[in-house]
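With the sequences and hints as input, model every part of the structure.
Sequential numbering from 139 applies to the sequence shown in my numbering.
FYI, nobody ran anything at the bench for these hints, they're computed from the structure. Idealized CB from N, CA, C, for every residue including glycine. You can trust all of the hints, since none of them are fake.
Straight-line alpha carbon distances no greater than 20 Å define the calculated DMTMM-like cross-link-like pairs of lysine to aspartate or glutamate that follow:
{"hint": "1", "residue 1": "391", "residue 2": "453"}
{"hint": "2", "residue 1": "402", "residue 2": "423"}
{"hint": "3", "residue 1": "335", "residue 2": "180"}
Beta-carbon label-pair distances, calculated as ranges:
{"hint": "4", "residue 1": "249", "residue 2": "331", "range": "17 to 23 Å"}
{"hint": "5", "residue 1": "243", "residue 2": "469", "range": "37 to 43 Å"}
{"hint": "6", "residue 1": "241", "residue 2": "369", "range": "32 to 38 Å"}
{"hint": "7", "residue 1": "249", "residue 2": "477", "range": "23 to 29 Å"}
{"hint": "8", "residue 1": "146", "residue 2": "243", "range": "23 to 29 Å"}
{"hint": "9", "residue 1": "331", "residue 2": "450", "range": "50 to 56 Å"}
{"hint": "10", "residue 1": "470", "residue 2": "352", "range": "31 to 37 Å"}
{"hint": "11", "residue 1": "419", "residue 2": "283", "range": "52 to 58 Å"}
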Amino acid sequence: MVDITRDPRWGRIMEGAGEDPFLASVVAAQRVKGFQGTASFDVPNHILACVKHFAAYGAPFGGRDYNTVDMSERMFREVYLPPYQAAIEAGARTVMTAFNELNGVPATSNKWLLTDLLRHELRFKGMVVTDYTSINELVEHGVAADEKHASELAVMAGSDMDMQSAAYHRFLKGLVEEGKVPIERVDEAARRVLRLKFELGLFEDPYRFCDEQREKEVILSDRNRSIARDVARKSIVLLRNEGVLPLPKEVKKLAVLGPLATDKDNLIGFWSAAGEGQHCVSLVEGIRNKLGENVELLTAKGCEITGDDKSGFAEAVEMARQADAVVVAIGESREMSGEAASKVDI
Numbered sequence: 139m140v141d142i143t144r145d146p147r148w149g150r151i152m153e154g155a156g157e158d159p160f161l162a163s164v165v166a167a168q169r170v171k172g173f174q175g176t177a178s179f180d181v182p183n184h185i186l187a188c189v190k191h192f193a194a195y196g197a198p199f200g201g202r203d204y205n206t207v208d209m210s211e212r213m214f215r216e217v218y219l220p221p222y223q224a225a226i227e228a229g230a231r232t233v234m235t236a237f238n239e240l241n242g243v244p245a246t247s248n249k250w251l252l253t254d255l256l257r258h259e260l261r262f263k264g265m266v267v268t269d270y271t272s273i274n275e276l277v278e279h280g281v282a283a284d285e286k287h288a289s290e291l292a293v294m295a296g297s298d299m300d301m302q303s304a305a306y307h308r309f310l311k312g313l314v315e316e317g318k319v320p321i322e323r324v325d326e327a328a329r330r331v332l333r334l335k336f337e338l339g340l341f342e343d344p345y346r347f348c349d350e351q352r353e354k355e356v357i358l359s360d361r362n363r364s365i366a367r368d369v370a371r372k373s374i375v376l377l378r379n380e381g382v383l384p385l386p387k388e389v390k391k392l393a394v395l396g397p398l399a400t401d402k403d404n405l406i407g408f409w410s411a412a413g414e415g416q417h418c419v420s421l422v423e424g425i426r427n428k429l430g431e432n433v434e435l436l437t438a439k440g441c442e443i444t445g446d447d448k449s450g451f452a453e454a455v456e457m458a459r460q461a462d463a464v465v466v467a468i469g470e471s472r473e474m475s476g477e478a479a480s481k482v483d484i
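Right, here's the structure in full:
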């Protein structure tokens with residue numbers, strides 16, 4: 139995901155690279171290289187990069203996910219387009235359409251966006267895939283009379299592959315027979331999909347990327363965990379420090395309080411897919427590992443992330459009184475940010 143966003147209320151802001159088009163472009167290009175590796179796809183531990191969400195998905199009105207986007211072409215080209223362009227120039231082989239409208243036209247049926255700009259101007263040669271059920275949603279956008287009409291609009295605009303809607307499967311043959319979609323357009327879309335499968339070697343071995351032994355050796359390996367931890371450490375931003383940090387060495391009793399003090403599941407965040415909280419290091423565990431036995435740790439949950447139960451307050455307050463310093467671990471659950479989880483305010 140390379141979408142520029144400048145509204146902190148939008149739930150997916152943490153998935154991109156922020157509000158700066160230059161930084162986002164650099165990050166986008168490096169992500170492509172990290173995912174795809176060499177252009178020949180002869181290394182089995184790389185995958186196709188899919189650039190999403192084309193385009194301007196991160197600029198919905200009011201920070202509300204899936205909402206409409208309306209902006210001048212100058213703003214679009216100067217701020218929001220560069221990361222997509224950088225990813226394409228870095229060799230990305232697939233692009234995903236966005237859910238949103240751009241200046242009144244949904245991205246999945248936007249011929250200017252998918253053909254004139256992406257194909258002709260940016261010279262993208264790969265495959266365009268829709269977002270999840272976004273063809274069906276053209277009916278909800280009000281631009282298609284029904285899902286058959288939506289299929290026609292999407293394929294003629296430049297969407298090659300239908301994700302999840304099953305609209306092409308149900309309607310494309312009939313649209314060709316009725317003369318509404320040229321068979322050449324279907325051939326073009328199919329060719330783009332099949333070419334990638336050939337290049338990936340999937341016709342010779344459809345399971346070449348399903349190596350369980352490699353999975354055991356790579357996933358959560360010490361090296362990868364160390365790199366991930368270093369990236370997280372370098373990404374931390376201290377918003378305010380009014381003489382609190384670093385904690386003085388004289389602290390002998392430290393209270394770590396709050397619903398996120400020992401929590402692990404919420405640390406992995408939204409869209410963690412197969413991530414498991416058990417592999418995370420909780421705040422209390424990390425502090426204990428760092429301080430050793432020289433500092434006594436007191437911990438209490440105090441309350442839940444949401445709710446009005448105050449029964450744990452007394453225990454937490456008492457531990458705070460006993461401690462030389464207090465660390466309060468509060469914040470959001472993983473469901474409070476991410477897709478379809480925008481905020482009214484921050």
